[in-house]
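Undergrad: Sequence:
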Amino acid sequence: MHDVVVECPVRLTETNRDELRLLYADLRDHYARRDARDGTRTTLHFRWSGEVGGELFGATYADQRHVFGGSRPVLNSAHDSEELQETNRCLSA
Numbered sequence: 000m001h002d003v004v005v006e007c008p009v010r011l012t013e014t015n016r017d018e019l020r021l022l023y024a025d026l027r028d029h030y031a032r033r034d035a036r037d038g039t040r041t042t043l044h045f046r047w048s049g050e051v052g053g054e055l056f057g058a059t060y061a062d063q064r065h066v067f068g069g070s071r072p073v074l075n076s077a078h079d080s081e082e083l084q085e086t087n088r089c090l091s092a
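Okay, so the sequence shown: first residue is 0 according to numbering that gives the first Met the number 0, each after it adds one.
Note that these hints are calculated values from the structure, not bench results. Treat each hint with caution, since some may be false.
What the hints assert, rightly or not - Derived Cβ-Cβ restraints for the label pairs, each shown as a range: (1) T39 with T14: 13 to 21 Å; (2) G38 with A58: 28 to 36 Å; (3) E54 with D34: 29 to 37 Å; (4) H1 with G57: 17 to 25 Å.
Backbone N, C-alpha and C fix where the C-beta goes; we use that ideal spot for every residue, glycine too.
Could you build all of it, start to finish, from the sequences and the hints given here?
TA: This is the structure we're talking about:
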């Protein structure tokens, strides 16, 4: 089995959380099928733009944990990595 990383550029806004939940479920299902077929393990790397701060990112991060569970590795990064690192620290506390 070999590892594959897929970058997913995503813009986070106040109004697209429902769409993102649907996107997460679609990506989960697609890569579960593909990984089983190809013998791979795909990591999804979400590259965020838009408002990536605190509460808004915390909500979509919780959605990611709910949808993906332990089904696959998920990474999150932003154009302003300090902002995202601070958000991850808040979520981990």
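Undergrad: Regarding H1 and G57, is the given constraint of 17 to 25 Å on their beta-carbon distance met?
TA: violated (33 Å)
Undergrad: Against the range 13 to 21 Å, how does the distance between the Cβ atoms of T39 and T14 compare: consistent or not?
TA: violated (34 Å)
Undergrad: Is 28 to 36 Å respected by the C-beta to C-beta distance linking G38 and A58?
TA: For A58 against G38, whose Cβ atoms are near 35 Å apart, the range 28 to 36 Å holds.
Undergrad: Holds or violated: 29 to 37 Å for the Cβ distance of E54 and D34?
TA: holds (33 Å)
Hint compliance for this structure: hints 1, 4 are broken, all remaining hints hold.
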